[in-house]
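**Student:** These protein sequences, in sequence, are chains B and C.
So for the first sequence, numbering that gives the first Met the number 0 puts the first residue at 0; every next one is plus one.
So for the second sequence, numbering that gives the first Met the number 0 puts the first residue at 0; every next one is plus one.
Calculated from the structure, these hints are not laboratory results.
Please note that the accuracy of each hint is not assured.
[Claimed, not checked] Using 27 Å as the maximum straight-line C-alpha spacing, the simulated DSS-like pairs for lysine-lysine come out as follows:
(1) K576/C x K576/B
(2) K509/B x K547/B
(3) K117/C x K46/C
(4) K489/C x K530/C
(5) K530/B x K46/C
(6) K547/B x K530/B
(7) K430/C x K489/C
(8) K530/C x K576/B
(9) K46/B x K90/B
Computed from a predicted model, the values in this text were never measured in an experiment.
Number of protein chains: 2
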Amino acid sequence: MHSLQPVFVPQSVAIIGASSDPDRIGGRLLRFLLEAKFEGAIYPINKSGATEIQGLPAYGSVLDIPGSVDQAVVVVPAPGVESAVRESIAKGVRCVVVLTSGFAEMGDEGREAQDKLKAMCRDAGVRMLGPNSLGLLNVETRYFATFSTALYGLQPRSGSISLATQSGAFGSCAYGMATLRGLGLSKIIATGNEADIDVAECIDYLAEDPETKVICAALESCRDGQRLRAALLKAAAAGKPVLVMKVGRTELGAAAASTHTGSLAGNDAVFDVVFQECGAYRPNSIEEMLDIAYYCTVTGRLPPNQAIGIITGSGGIGVLMADHAGDLGLSMPALTPDAVAASKALLPFAVAANPLDMTAQVTSLPDGVPRTIEIMMAHGDYGTVFAYLAHSGLAPARFASTIDRLAELRIQYPHQDLVLVMLSSPESNEKLEAIGIPVFADPTRAMVAMGAAARMADRRNNLYTLPGTQAKVSALKDVGTEVAAKNVLKMAGLSVLPEQVCSTSEAAVKFAAEIGFPVVAKIASADILHKTEMGGVLLNLQDAAAVKIAFDTLISRAQLHVPTARLDGVLITPMVKGGVETILGVQVDPTFGPMILYGAGGTAVELFRDVALASAPLTTLRAQALVNQVRSTALLRGWRGSQPADESAVIDALCRLSEFAMAHADQLQSIDINPMLVQQKGAVCLDAVITLQADL
Amino acid sequence: MHSLQPVFVPQSVAIIGASSDPDRIGGRLLRFLLEAKFEGAIYPINKSGATEIQGLPAYGSVLDIPGSVDQAVVVVPAPGVESAVRESIAKGVRCVVVLTSGFAEMGDEGREAQDKLKAMCRDAGVRMLGPNSLGLLNVETRYFATFSTALYGLQPRSGSISLATQSGAFGSCAYGMATLRGLGLSKIIATGNEADIDVAECIDYLAEDPETKVICAALESCRDGQRLRAALLKAAAAGKPVLVMKVGRTELGAAAASTHTGSLAGNDAVFDVVFQECGAYRPNSIEEMLDIAYYCTVTGRLPPNQAIGIITGSGGIGVLMADHAGDLGLSMPALTPDAVAASKALLPFAVAANPLDMTAQVTSLPDGVPRTIEIMMAHGDYGTVFAYLAHSGLAPARFASTIDRLAELRIQYPHQDLVLVMLSSPESNEKLEAIGIPVFADPTRAMVAMGAAARMADRRNNLYTLPGTQAKVSALKDVGTEVAAKNVLKMAGLSVLPEQVCSTSEAAVKFAAEIGFPVVAKIASADILHKTEMGGVLLNLQDAAAVKIAFDTLISRAQLHVPTARLDGVLITPMVKGGVETILGVQVDPTFGPMILYGAGGTAVELFRDVALASAPLTTLRAQALVNQVRSTALLRGWRGSQPADESAVIDALCRLSEFAMAHADQLQSIDINPMLVQQKGAVCLDAVITLQADL
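Using the sequences and the hints given, assemble the complete structure.
**Tutor:** Rendered as structure tokens:
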């Protein structure tokens, strides 16, 4: 049994702080439970000595309850929470739900009190929701443990969409919008301050909850990245769509988030990547989230493929929908010749293409619409067929026979989805939804919902794999100089140029001859960071004489410009030309661990942020996907007729770097390889900077 | 009087093809007019000899009508249209509305028939809507001249939003969606094949129509760019928001558009620029268009500035809204110290910031919400204040006193707008809208609508100016060679390098000495286009000897590799180094005339399409705005510590190029200057290609 089972499905509940006044928080909570007709035992607790509250026998303490209690819901003011939780633990509850606010969100003192609650629960093996939670709803079992006024007048409809959210306000808003449009809900939970239970764990629960078919979630922050990844992957494996909103996305939003929660909003780009890699989708708005959830619950699955067919009764809307399909990366394969012939036979005036424009002629043909839809479903490989039917659904009586025919088509073509776009009545919609056909009024929203679901399906073809436990590795140290950093890269299996710090000009000439001319000479001193500025780098030295002069020049320049510097000598390394500059990086995210960054093309990285990010560890496939995301990768592939560079060497370097980063995740802060020069054969790291966590 | 007045506001109408069967097209049209209680005279015309149709006296021909007729609506089958139009003209109507299809949209034969109708009307001075139009609605005068089945059961509410659309399907869809959500409409017109009246002219009419406050439009193509610009600018000058959708935006969409209309979808990016320059906004969906229209009709204006304040009862939604504000380029100035103090005094637990989180504490304070809103309106310079109030609007009775207080605030702070985001009831909404407060359920949609209106307001600070008539200029000819093209640029006032085609090595050396070493030598021949490939360019020639050798080398290479080429000699020009590469271009759009293109940074142009487009003629201000849009412009401004390049020389070159393009718009097809090298002082065009329309 999942450890959150007593949270979502308690058999009995004590309301600590229950009130007789159904408008006060503790009374409202009880009132909602009673009105919902929760079938488990309900025990109101109030220190006032009342023996009856809202018609139920009341107790002064949870310890006075005769039977056993699964869950205690705490709504007493903050100073009374600690003893309420202590008594609940003593009573043997399996879970406490703390709705009271005034804890970590209020500053250090509140955080201390919260930590104490957390420790008490942990030591007793009791799970805690909150504090500062808006509670939860289990629509099937009619367990409504919340005081949200959203329940005044907005009764939930039972269904298969569940929602886990940190912010109670977000939960209320989504609940209200979903309920007003008639979406069926299963479980809603607000995790609040997340002292114990967090959104990730709720997703984990919902991934195995048989009543939940679609998971919606909303985060402002995340304290355990690996748990979130694992939960998202579990939901993906269970075939459940996951729609996760993270607020604090932009600079203004992140500023707003940090004001109100005290928790950092985190690196938003990393969240984005993690959601993608773990097969989830990030909607842009609550309405979009609900649209996608609706789409997936009605079709009962993610789209079979990325190919769509569109049928309309007139051109303009078809073009609009095709525009959106283009934006969303969907494909619109042409009608097959057979389909063209069948369409022409049925409707001579139709535009037999994709979009298929039936023209007004269709209205003169019995069953013209379903017959045209059948042509599109029978031919070609459209995973999803959209039919724009204007306002047909507003006349349910006239539309009923079409619905019957569509029901037959759904059975006949079970591997394809059908979506209707039209103005409609609740009556028509209900019938259509029952046979697996979503209905949208706005063509754009229909397309966006389907596109999101298709994107999710696509992501699930190439999911992130959680790494196993990592073998212990030797510690990194002494990474502060260019030479040391490159030695680390060499250790990681990346290519660096042969180089040597030479203390005499003879040694420099000898080493240059060994590696072959031309060479580069650089002053080597831990005390000189900005070599170029003092003329400390000399390029393209063609022979022994040039190397000798360069050595003497560099030493005397250093003595002249930085007289205090302790000189190690002169570094000699081959002069390389040509190739494409790339950058590779590692950033160890405090939440999500090592992230690998890739970019190409020098200026493009800074000017266009033409870089992409992926979680370590990378597989070859995921490394290739990372490289594909960068537009400047075109420069590697034979730009303007030049020879292609060695892309496989880039993939290889990324995989080795990612492996190294995983092995040293405890110690590493970041690695910047800039540039790695990719040549026709091989790729070589010309410079690197490594930072350890200890350095910060 | 506007020439479309008889189209939108006829006093009397003849329905040519009227039918007694109210379900057939010609019957439905009449039925809708009768049901709408149009007060003007209605004359059904039918050749059948019926003397009465749907209760009205009927006639065999429009010529038999005793009184005068303003408008003839034609719904007879295509073969009968010509005589119907001829008779209508003979009767003296001022306008014919041809709803019949089967004209230009069906191919060449249909186009011929359509051209004939057009000529007949033009010669008689009669305006024509259509053919293949879905007709029009004037909601105030109850003139419903359409057979759209959207009118079954969906009766329009009178208001101030008007819609002009080419596609009837688009019009029906937008009409249905608007009416279902209760938006008030003024005029709706579908222009169909646009043989005479087009969407641009309808916008022109609506810009001066006193009942229209917001103009919505939808295009698939445009035949007269200058007319569209003029209409958009007229609406902007009248202070009316213009929301214009153009479909066929993406490759898939454009393919779909060309299938169904036969008219090319046109260069979508040019439309985008024209809409921006003329102060219109291009929504992404019909729903977004209606959201913005709703927003503007309720507030009665565009937002006073780009600064917003947000008030919420809890954090999560505030952060979401701040995210969107960031995306939309809005600003969220911090609360002033006075406002912080006032907020703390009112609600000690509130997060006194922007967003201002009132926390649940607000519920315990009488008028807490309006008092907090007042704090934000009274301090700082928030043009628009958003308040997120959860589901307050669902309880109209409890919310009534808040609405009263908000009405007072609207009067007290007339220069700011207030927007509520909450779940609500029609009753609460109506009251709020009446006092100028828009209400949205979804926080994202509220923010997107306001952001669009703010963008429109911003655009109207720097509008395009229509050019006056252009003085006749001398014709261009002979622009096929590099030298000729550069001579044209020189004529246009742009800088080019001194250069000379020298027919002897002596002349080459002499000219090189005059302009100063180092120089570049290029083979000069109209027969050799790809000079580089045959080694026809020699760089960095340092002295007379080098020039002499170069001359001989180039001539013999040319004789060897292209023996048939007619050689003009060798071109000598100074060798320039350094500076930032830019590209300048002109493209004469068949619809919108000369468009100016600017880009910088070589690779970035191709790889990132880092270019921007503007309509000619450019003012200095608009040229600067064009340059600002290009991200690689950063390279001009002292990239990575280098010296800044001469940006003013770029602006100057763009203005001169645009002026030249306007003067030669009749002849020019395109100009590509690539590169123009921008140096610390000045900018010089190194190469150019010019194409004339005659060359195509």
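**Student:** What are the numbers of the hints that this structure violates, sorted from low to high?
**Tutor:** Structure breaks hints 5 and 7.
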